[in-house]
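When you get a sec, could you build the whole thing from the sequences and use the hints?
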Amino acid sequence: MIPKIEVQDFKISFDTSKIKISIWGSFLADIGDIFIGLFKGTIIRSIANGINTKVPPQINTALQTYLVASNGFLPLYKGLAFDFQFPVEPVFTNETLGVYLNATFFNQSLAYRVPESPISDVALDFSQKNLITVDTSRYTIDSLLLVV
213 MIPKIEVQDF
223 KISFDTSKIK
233 ISIWGSFLAD
243 IGDIFIGLFK
253 GTIIRSIANG
263 INTKVPPQIN
273 TALQTYLVAS
283 NGFLPLYKGL
293 AFDFQFPVEP
303 VFTNETLGVY
313 LNATFFNQSL
323 AYRVPESPIS
333 DVALDFSQKN
343 LITVDTSRYT
353 IDSLLLVV
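Numbering (my numbering), first residue to last: 213 to 360.
Incorrect hints may appear among the rest.
Said to hold, decoys possible - Simulated crosslink set (DSBU-like; lysine-lysine; CA at most 35 Å straight-line): (1) K230 with K341; (2) K232 with K266; (3) K223 with K252; (4) K290 with K230; (5) K252 with K232; (6) K266 with K230; (7) K223 with K341; (8) K252 with K230; (9) K266 with K223; (10) K252 with K266.
By construction, these hints were calculated from the structure, which means they are not laboratory data.
Here it is in structure tokens:
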């Protein structure tokens, strides 16, 4: 199973003290400079709101396209590759996301396999909050150590 990743809530914010807005020109520009402080927050909020509404659909489309095209296979570095699957549905709580990964790291010039992983191996730890917890099959770690 290849996961579907969807960004539903995206919020960008800017440190307004680090953004400078200047107007150059004649006497009217000098008058305009007086109002920059008044409108700076409004302008920056408007830009952030535009980004916040436009970015999630673009991220979702890009991620889904990439994941579907990968078919669970990811080339990593100089012949090293990663074949992955998520045999169990992810677990969501209000503070944590937990996923179980069964995968193989392998040298592309050699044969490889992703063995079946007993679902009873799943051991997600939700004791800490605001984390993404990934439990891996024993074979995933073994295969990583074999190629390193």
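Here's how the hints hold up against the structure:
1. K230 with K341: The hint holds at about 32 Å.
2. K232 with K266: Satisfied, since the Cα-Cα distance of roughly 24 Å is no more than 35 Å.
3. K223 with K252: holds, 19 Å
4. K290 with K230: This hinted pair is violated, its Cα atoms lying about 41 Å apart.
5. K252 with K232: holds, 9 Å
6. K266 with K230: The hint holds at about 24 Å.
7. K223 with K341: With Cα atoms ~20 Å apart, K223 and K341 stay inside 35 Å; holds.
8. K252 with K230: holds, 11 Å
9. K266 with K223: holds, 11 Å
10. K252 with K266: Holds - the C-alpha atoms of K266 and K252 are around 21 Å apart, at most 35 Å.
In summary, the structure is inconsistent with hint 4 from the numbered list given earlier, while agreeing with all the others.
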